[in-house]
Each structure stands twice: as structure tokens, then as C-alpha cells.
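Going down the list, the sequences are from chains L and X. Residue numbering for the first sequence follows my numbering, beginning at 1 and increasing consecutively. Residue numbering for the second sequence follows my numbering, beginning at 1 and increasing consecutively.
Quick caveat, the hints were computed from the structure, so don't treat them as lab data. All of these numbers come straight from a predicted model, not from anything done at the bench.
Derived lysine-lysine pairs resembling PhoX-like cross-links, with alpha carbons at most 20 Å apart:
1) LYS250(X) to LYS260(L)
2) LYS260(L) to LYS274(X)
3) LYS260(L) to LYS260(X)
4) LYS42(X) to LYS81(X)
5) LYS136(L) to LYS167(L)
6) LYS188(L) to LYS201(L)
2 protein chains.
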Amino acid sequence: MSKLTIAVDTLGGDLGAEVVVAGAIQAVTEFSDINLVLVGPKDEISGLLKKHPSSNRIEILHAPDVILPSESPTLAFRRKKESSIVVGLKHVKEGHASGFVSAGSTGALLTGATVIIGRQKGIERPALGTLLPTPKGFTLLMDCGANMDAKPSYIKQFGEIGADYMKRVMGVNNPRVGLINVGAEEEKGNAAAKEAHILLKAADLNFIGNIEGREISTGTVDVAVCDGYTGNIVLKFMEGFAKTMLGMIKEELMSTTLSKIGALMAKGAFGRLKKRFDYREVGGAPFLGLNNIVIKAHGSSDALAIKNAIRQCVIFERSNN
Amino acid sequence: MSKLTIAVDTLGGDLGAEVVVAGAIQAVTEFSDINLVLVGPKDEISGLLKKHPSSNRIEILHAPDVILPSESPTLAFRRKKESSIVVGLKHVKEGHASGFVSAGSTGALLTGATVIIGRQKGIERPALGTLLPTPKGFTLLMDCGANMDAKPSYIKQFGEIGADYMKRVMGVNNPRVGLINVGAEEEKGNAAAKEAHILLKAADLNFIGNIEGREISTGTVDVAVCDGYTGNIVLKFMEGFAKTMLGMIKEELMSTTLSKIGALMAKGAFGRLKKRFDYREVGGAPFLGLNNIVIKAHGSSDALAIKNAIRQCVIFERSNN
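With the rest of the complex left out, here is chain L (with noise of 0.2 Å):
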């Protein structure tokens, strides 16, 4: 291959393969030196290819099966041998391309990607990355929960595989690495974060030390790290009283009559900000520590996400050479 090539799973999103076409499209027009691999049903691909203009830089990859978030992810990931994500990762794993983007079951992919493309030398579990919005950027939050019970070993190397994507696909020099607990002293925590430290400060990062909570959002560090279970209760608890404070401003805005022509004055103020919560801006969550990058795209990914999901995946790969 001369050109960069991504596979991209048609398959398991909320909103169809239409939407992961359409933003296919996007990605071919804006990178020119791309080839796109569309895994999913060939005929249905091919129908939503034609309301497009014609490009000879994306190829279908037949996969007629699904798995989908109801299904176990072990059991499906080992029966539905011609599931999307099936099919796409061994065509990663074959060489034919150098990622993948799913905004399919979470569970299947981390288990598939973990099976078929393996473990980076030196990491024993992949973990799932998500950009948290910061006043000064983004801050990567791993694991967001693809490992539970997390060992302190695991934790140091979320540590590593979330500074090498920090430095490469978000250009940081030198990420500064924090580890998320209850206090700045080195003893506290519970007893993996305890143990954690200790391997963090001795690994060859840009260790900072234990952050608390409230830091996780104020751009203090680059990387955020943590065990899975409390990684995706944080993550999800962002997104839930993001929410509930936006809802509760509409609330008090819509209380007087002042406050409600205040609030359609400041109506852009409000667009901006709901654009830099916005996922879609950033794609998907980088799932690392494998040979290959994976990106997990949000289940409701509409074009424009789905674009972005495979924007991640090329800047990551051209970071690489």
C-alpha cells in the first residue's frame, strides 16, 4: 500500500450505514491521500455508495451479519464469524489496513480488537481513551472501562500508550501524566492507585502525581489515569451532569421574562458551548495499547463523527512514519 488505508465498520450504529457512507465521503474529499475499506453488507453499501459521486478510493468488504450491544460480546464476537467487526479487524490484522472504526457494540470490539489485531510488546491490556473538553484543550481520561479490576502494572502502561497518543495525534510535547485519586499524597488512595504511583514515578513519563477529581477537567494534565470501573463512572457522570446543569440553567433562564431575552441574546454564547461538548468533534474513543489503532465511535455517530473517527485514525498513523 502506498496510500493509508482504513477499514470502517458500516455496521452497528444508532442511525445506519447511510450516515457511515455519507461520512466516508467526507473523509475521501478532505483527505486526498486515503483509501477507505466499507465493512458491511455489499449490496446495501453499494446502493448508498450511488447517491454519492463516484470515488475509486473506497472499496466494500462484504460482512452480512451484525453483532449487536444486546449480545454477549465473547459469545457473539466467537460465533458471528461474518460479523462487521469481524471481518474488519482480521482485515487490520492481515495488513490490508492499518485501522479501524466501529461505532458498533463496544464490548465485541474491545474483545475482537484484543483477539485478533493483539497486544502491543510490553502492554498487557488495551484500554479505551476518551478527550475530555478542558479550558485549554483536552485531557485523555483512560481507562474508560475496559478493564474493571485494573492491576497497578495495567495502570502504569494507560500511563504510556495514552502519553505516545497525546504526543501523536494531539501533538503534545512531552504529555504530562496524572494519576487520578483522592489526595496529592503519594500514600493515599486505594490500594492499586497506592501501588500505581510507585511504578508511574519510576516509568520513563512525565509523571506529575496524584491528581484529585476536580482536576480531571482543568487541563492539569495531559493524561488521566485510572482503573476501568472508575474511568467509565467518571466519564459518564461528565456526560449526565453536563446535562443536568445545562437543564437547570434553561430552567432559571426561562424564569423571568429578563432572563429569557438575556438568554436569546447570548443564544450563540450557548451554541459555542454546547460545540465544544460536542463528541462528534472529536470522533470516537482511541482504543490502545493494540498492533494497530482502533477508534470505538460514539453508537449515535452521525457523518461528521464518523468523519472525525477517521480523521483520528490517520493523523495516528501518520504520526508513524
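Since chain L is already given, all that's left is putting chain X on it; use the hints.
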């Protein structure tokens, strides 16, 4: 005692004894049926009391020493027998007061309260609760940091003491208890959460099952339980994230003239929002599972926060009789 007596620590808060004395005066004015015991240096307190109209319902209990937040809680608690925390807790233990309020060192208060006052029958570990604002009222999050590696049985008991508090202090009928976890399914989570789910299900509680991070702030449950490591991180993340979000809103509002004017008109709405997130309105974090009620007031508590922390004790104790 015919009247309810609450002991109040005048030392250890960021704003000094002055605001504690002012909060105590507010409390005896609001509640005609309580007595207060102010614990701290006798001369300083009587000097401060002179600035207010005299009350025969406030007495002073001499304690010349203070435990600083920078000190090791267990060491300080053992060495400083004349500290306000030790003297105040002993006063409660001896039956001279029914509850204790302190804005001092959290660690020393938790250690001291557990050792001096003692655990409630059937409760292995007391826990720190925090009332989080939701669109519908409050959700009690616990444990917020007293138990780092909480056993499943502790987490179950957090549900029991939390539900009791919500019933007694917040007047919630049949409080809904949820286990903070990474998915709704029973088999999800880390090892402790999986086992805690089984114990909570079997307990005599209105257990509604697992809740994900995004449901903590939506009012889906009255009591949200988890280990103290996770709870502390969620709580502090909320504080930091609310600040980050309000900062971003401000930044966007100030970026155009139109939205600047709009913001000015909507100022009242933002003021009301801030009040809903103001910890001073709640007063403090209850330390539950002990033989008496202990309230950890925020370190930066002012007179209003102290008064409301005393109010929490009063309501808790009244519901007992």
C-alpha cells in the same frame, strides 16, 4: 437534657472561630429548642460571643488545641487529647450532646468519631455522605472518601445508613437506593460492585439496581452507593467540572457584545443557579453509621454553612424521638 444539645467545633475551619460563633448565634435564633456547646479556646470564644446578643443556650467547652489538616489524622488524634475534635467527640460520647459539627480535618474527625463515639450496631464501617443537587432535589452520594478499599458488605451497609438518613433528614419516603456501576446488568462492574449488587438485592431496601455514572445527578435514586475511592473522585470531579463549565460559559458569553448584554440581563438566573450548587445551603457532609450524628462542615464554611450544618443535626435528632 430536655433540650437537644449539639456540640460545635470552633477550630480547624479556614475562616476561623469568628464565623463558627456567628453561625451558632444564627442557629439558636432559628431553633428555640436547642442548646449549643462551642468547643475551643475559652477566652477566644467568650471574646467573640461578646460581639453578639447574649444567649443562655450557648455554653463553652474549653479545648486549647487544634488538629491541622496537614497533620497525620491518626497520630494527631492520639497525641492531641486537648484538641477541639477530641474534646467535642468525648462530650458527645459522654451523653452531654447528641451530635457534633466540625469544619476541621476530615481525617481526624473520621478517625476520632469512629474510635470515640463508636459504630452503630451492625455497621462495619461508617461512611461520609454528600447531598448532590439534582433537578428534583438531592441524591445522597456515599461513601465520599472514608473507605478506600470498601468490602461489598460495607457498600451494602452504606445503602442502609444512607436510606435511613434520607428518610429522617430529607423526609424521603421509601428511599430508592442505587449501586454506582458501569452498566445496568447485574454481572457488570469490578469484583466489589458485583458482590455488593447481590448483597443489596437481598437487603431490606428499596434497591433499584445498578445506576451508571450519568444517572448520579439526574435524581433517579435518593441514595447512590459506591466505595470511598470512587465516590470521592466523583464528588471532586463534580466540583471541578461545574467550575470548568461555568468558566467556559462565561468565556463564550464575553466573546461578543450581544451575548455580553444578554448575560447581563440573565444575571439573576446565573445567581439562582449558583445558589442551587452552593454547599453552604446544605451545610455539611454527614458522617453516618455511628452512634451519634457527626457533620463534617466544608473547610471554607461561613456562618450560614455552620448554621445549616447544625440544622442537619437538629433534624436528624428530632426524627429520632
